[in-house]
Structure formats: C-alpha cells, structure tokens
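**Q** The primary structure of each chain is shown beneath.
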Amino acid sequence: GAVVSQHPSWVICKSGTSVKIECRSLDFQATTMFWYRQFPKQSLMLMATSNEGSKATYEQGVEKDKFLINHASLTLSTLTVTSAHPEDSSFYICSARDPGHNYGYTFGSGTRLTVV
Amino acid sequence: TQLLEQSPQFLSIQEGENLTVYCNSSSVFSSLQWYRQEPGEGPVLLVTVVTGGEVKKLKRLTFQFGDARKDSSLHITAAQPGDTGLYLCAGDFGYALNFGKGTSLLVTP
Numbered sequence: 001g002a003v004v005s006q007h008p009s010w011v012i013c014k015s016g017t018s019v020k021i022e023c024r025s026l027d028f029q030a031t032t033m034f035w036y037r038q039f040p041k042q043s044l045m046l047m048a049t050s051n052e053g054s055k056a057t058y059e060q061g062v063e064k065d066k067f068l069i070n071h072a073s074l075t076l077s078t079l080t081v082t083s084a085h086p087e088d089s090s091f092y093i094c095s096a097r098d099p100g101h102n103y104g105y106t107f108g109s110g111t112r113l114t115v116v
Numbered sequence: 117t118q119l120l121e122q123s124p125q126f127l128s129i130q131e132g133e134n135l136t137v138y139c140n141s142s143s144v145f146s147s148l149q150w151y152r153q154e155p156g157e158g159p160v161l162l163v164t165v166v167t168g169g170e171v172k173k174l175k176r177l178t179f180q181f182g183d184a185r186k187d188s189s190l191h192i193t194a195a196q197p198g199d200t201g202l203y204l205c206a207g208d209f210g211y212a213l214n215f216g217k218g219t220s221l222l223v224t225p
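Residue numbers (the numbering used here), protein chains in the order written: chain A, 1 to 116; chain B, 117 to 225.
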C-alpha cells in the first residue's frame with residue numbers, strides 16, 4: 001500500500017528557533033499533501049493544503065508566516081515552524097492522496113514537537 | 117472548515133460489551149472514513165464508505181453510512197481490550213479530510 005514517511009518523529013527545540021518537518025510519499029507521487037496538528041486528547045485539525053509547485057492553502061486562523069510550507073517536488077512537502085513558542089508544541093501529521101489507490105488518504109506517523 | 121460532530125467523546129466499557137460511535141454533519145460528504153489512532157502514531161484507515169445506506173463489516177466492526185450521506189456509525193460487537201484506542205471519523209468534502217473530535221475507547225478485561 002501507499003506509504004508516507006514523516007521525519008523527524010520527535011523534536012525538542014528552544015523557544016525562538018525554527019524547526020523543519022519533512023513529509024515524503026515513498027512509492028507514489030503526490031501533487032497535494034495535507035498538514036494537520038493534533039493537541040493532546042484532541043482530534044486532528046487541518047492546518048493547510050500543500051500544492052506542488054504553488055502556494056499552500058491555509059485554513060482560517062493558521063498563520064502562514066509562522067507555518068511555512070514548501071512542496072518543491074511531487075514526493076516531498078516540508079513544514080517549517082518559525083520562531084517556535086511553547087504553545088506550538090503539538091503533534092504534527094502529514095497526509096497525501098495516492099492516485100494509484102483511488103486517491104485514498106495515507107498518513108505519516110507524525111512528529112511530536114516540544115518547544116522549551 | 118466543515119463540522120463533524122462525533123459522540124461519545126469518551127467511552128469506558130468492559131470486555132464483551134457492545135458499543136456504537138456516531139458521526140454527524142449538516143453537510144453531505146463525498147465519502148466518509150473511519151480511522152483508529154494509537155498514541156504517538158498517525159491514524160490508520162479502517163474503512164471508507166461512499167454510497168448512502170452502505171454497510172461495511174470488518175470482523176467485529178460494522179460501519180454504516182446514512183442514506184443522505186451526512187452521518188455514519190461504527191458499531192463494535194463484543195469489544196476486546198485490543199480495541200482500545202482513539203476512533204476518528206473524517207469527512208471527505210472533495211478537497212481534504214476534516215475530522216470529528218474522536219472517541220477515546222477503553223476496554224477493560
């Protein structure tokens with residue numbers, strides 16, 4: 001089946017620094033990828049839709065200058081949390097649609113970000 | 117963002133009991149998906165329902181999609197401790213998935 005690899009699986013950073021999270025589709029090409037954020041004991045909230053070769057589409061209330069998304073190739077999207085603060089600590093999950101499997105959604109294993 | 121209401125949010129039952137989780141929206145979905153998520157991991161797809169009135173079974177799990185494609189239910193028969201986890205419904209509105217709040221299920225021996 002389709003595999004989405006997310007890296008790193010966890011990261012701890014100091015307040016004010018930036019962190020980059022990678023999302024790769026390993027065996028298919030994804031023109032669109034999705035980034036979600038999940039706080040403890042809560043559900044996944046869609047942050048943005050990443051489009052290969054064009055600007056990402058952000059959900060209402062998500063700061064595009066803080067959460068930079070780059071989708072430079074058909075297999076890689078990156079999310080950079082800039083000037084991270086403790087309130088950005090969360091579980092970030094990416095997803096991609098596989099055209100080879102009826103465009104079903106496949107999720108990465110998530111990245112636990114802790115800002116200290 | 118389209119809203120999906122999922123209930124109950126928390127459920128603690130004993131092994132062998134049955135349970136039902138509900139997912140409702142005022143909007144029509146092109147499809148609806150049910151996921152299960154373990155702590156520290158991404159959600160794993162259980163089933164996708166597409167057709168109004170559709171019923172799908174996955175061992176002891178039965179999934180139903182409402183006739184109007186606005187609601188769905190997940191029924192677990194004879195729950196086991198291995199069923200413990202977070203169950204999420206997600207509506208596909210054609211451009212992205214939007215998730216319900218999830219149901220945290222605990223099955224005790």
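Read the hints as simulated data drawn from the structure, not as lab findings.
One thing to keep in mind: the hints can contain errors.
[Said to hold, decoys possible] As a list, the in silico BS3-like pairs of lysine-lysine whose alpha-carbon atoms are at most 30 angstroms apart:
1) Lys41/A / Lys217/B
2) Lys172/B / Lys41/A
3) Lys175/B / Lys64/A
4) Lys217/B / Lys20/A
5) Lys64/A / Lys217/B
6) Lys186/B / Lys173/B
7) Lys55/A / Lys173/B
8) Lys186/B / Lys66/A
9) Lys66/A / Lys217/B
10) Lys41/A / Lys186/B
11) Lys173/B / Lys217/B
12) Lys186/B / Lys175/B
[Stated by the list, open to error] Computed beta-carbon distance windows for the label pairs:
13) Ser146/B / Ser9/A: 25 to 35 angstroms
14) Val3/A / Thr178/B: 39 to 49 angstroms
15) Ser146/B / Leu74/A: 20 to 30 angstroms
[Said to hold, decoys possible] Which stretches of chain A does chain B cover? Using the computed rule of at least three CB atoms under 8 angstroms from a CB of chain B, they are:
16) 41 to 52
17) 83 to 90
Glycine included, C-beta positions come from ideal geometry on N, C-alpha and C.
**Q** Next step is simple, just say for each hint if it's right about the structure.
**A** We went through each hint and held it up to the structure:
Proximity of lysine 41/A to lysine 217/B is assessed by CA-CA distance (about 9 angstroms); at most 30 angstroms being required, the pair is judged to hold. The straight-line distance between the Cα atoms of lysine 172/B and lysine 41/A is roughly 28 angstroms, inside the 30 angstroms bound, and the hint therefore holds. The suggested pairing of lysine 175/B with lysine 64/A is violated, with an alpha-carbon distance near 43 angstroms, which exceeds 30 angstroms. Taking the CA atoms of lysine 217/B and lysine 20/A, the gap is about 27 angstroms. The hint holds against a cut of 30 angstroms.
Straight-line distance between C-alpha atoms of lysine 64/A and lysine 217/B comes to about 24 angstroms, which keeps the hinted pair within the 30 angstroms bound. Distance check on the hinted pair: lysine 186/B and lysine 173/B sit about 19 angstroms apart at the alpha-carbon level, within 30 angstroms; holds. A C-alpha spacing of about 40 angstroms is found between lysine 55/A and lysine 173/B, which places the hinted pair above 30 angstroms, so the restraint is violated. Using a Cα cut-off of 30 angstroms, the hinted pair lysine 186/B and lysine 66/A is violated, with the two alpha carbons roughly 35 angstroms apart.
Distance check on the hinted pair: lysine 66/A and lysine 217/B sit about 25 angstroms apart at the alpha-carbon level, within 30 angstroms; holds. As the CA atoms of lysine 41/A and lysine 186/B are separated by approximately 25 angstroms, the hinted pair is consistent with the 30 angstroms bound. Taking the CA atoms of lysine 173/B and lysine 217/B, the gap is near 23 angstroms; set against the 30 angstroms cutoff, the hint holds. Only pairs whose Cα atoms come within 30 angstroms are accepted, and lysine 186/B paired with lysine 175/B is accepted, the gap being roughly 24 angstroms.
Checked against the hint of 25 to 35 angstroms, the pair serine 146/B and serine 9/A passes, with Cβ atoms roughly 32 angstroms apart. With their beta carbons about 28 angstroms apart, valine 3/A and threonine 178/B fall outside the hinted range of 39 to 49 angstroms. The hinted range of 20 to 30 angstroms is satisfied by serine 146/B and leucine 74/A, whose Cβ atoms lie roughly 24 angstroms apart. Against chain B, the region 41 to 52 of chain A contributes 7 residues with a C-beta closer than 8 angstroms to a partner C-beta. That satisfies the three-residue criterion, and the hint holds.
Counting residues of the region 83 to 90 of chain A whose CB lies closer than 8 angstroms to any CB of chain B gives 0, which falls below the minimum of 3, so the coverage claim is violated.
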